[in-house]
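A.B. asks: The lines below spell out each chain.
2 protein chains.
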Amino acid sequence: MILELAVLDVKLHQTEEFEAAFRDAQRIIRASRGYLSHELQRCVEKPNRYLLLVRWRRLEDHTEGFRKSEPYQRWKALLHHFYDPFPVVEHYVAVNSTPCE
Amino acid sequence: MILELAVLDVKLHQTEEFEAAFRDAQRIIRASRGYLSHELQRCVEKPNRYLLLVRWRRLEDHTEGFRKSEPYQRWKALLHHFYDPFPVVEHYVAVNSTPCE
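In the order they appear, the protein sequences are chains A and B. For the first sequence, counting from 1, position 79 maps to 79 in the working numbering; every step adds exactly one. For the second sequence, counting from 1, position 24 maps to 1024 in the working numbering; every step adds exactly one.
Derived from the structure by calculation, the hints contain no laboratory data. All C-beta atoms in this analysis are idealised placements derived from N, C-alpha and C, irrespective of residue type, glycine included. Just so you know, not all the hints are guaranteed correct.
[Claimed, not checked] To give an idea of the interface, some chain A residues facing chain B are shown, with a C-beta separation under 10 Å as derived from the structure:
1) Leu3
2) Val7
3) Val44
4) Glu45
5) Tyr92
6) Asn96
Extracted from the complex, chain A is given alone in its bound form (with noise of 0.2 Å):
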């Protein structure tokens, strides 16, 4: 399993309007192959950051088959123009540290 990560900063005075188009967007990433969860998540410390985390269930279900899609040119269109900058986005794999559970 894949975690996407990317913090979001969206444009200032425009955080209603973002989310209400992510509600819109995220049935975009659901539908896609390979998508198992995602969350949105506002930063307590930046009003106008945001935090998306997206697990997949492998690293080409976002980078191949997500990107690569006819259904991400209406989730770009949706939400890209909100971004300033826009996002690094990165990808982890979660560490085995937890042999007590």
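Start from chain A and add chain B according to the hints.
C.D. replies: Below, chain B without anything else, positioned relative to chain A:
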């Protein structure tokens, strides 16, 4: 519920030691009042970067309860010397954007 996020850049060639120290240190955070869960994830694009996500019941459980506790001194001693630069920690709250779930 509050999500604590810290991106941890570990000094090069110290990642194995860091993971071993974290295996020990996680017992400290688990025992803290208001702690709900945590995960340590390793970056695919930058292998000496880690992501620590901790879920707390309330913000103060982290900022006051954990950070001002006696066991936090042990957490610091175990982990803080691995980081360069020292991480910025942020807190997030879930956006209620999934009414269809």
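A.B. asks: I'd like to know which numbered hints this structure contradicts. Please list them from smallest to largest.
C.D. replies: No hint contradicted; all consistent.
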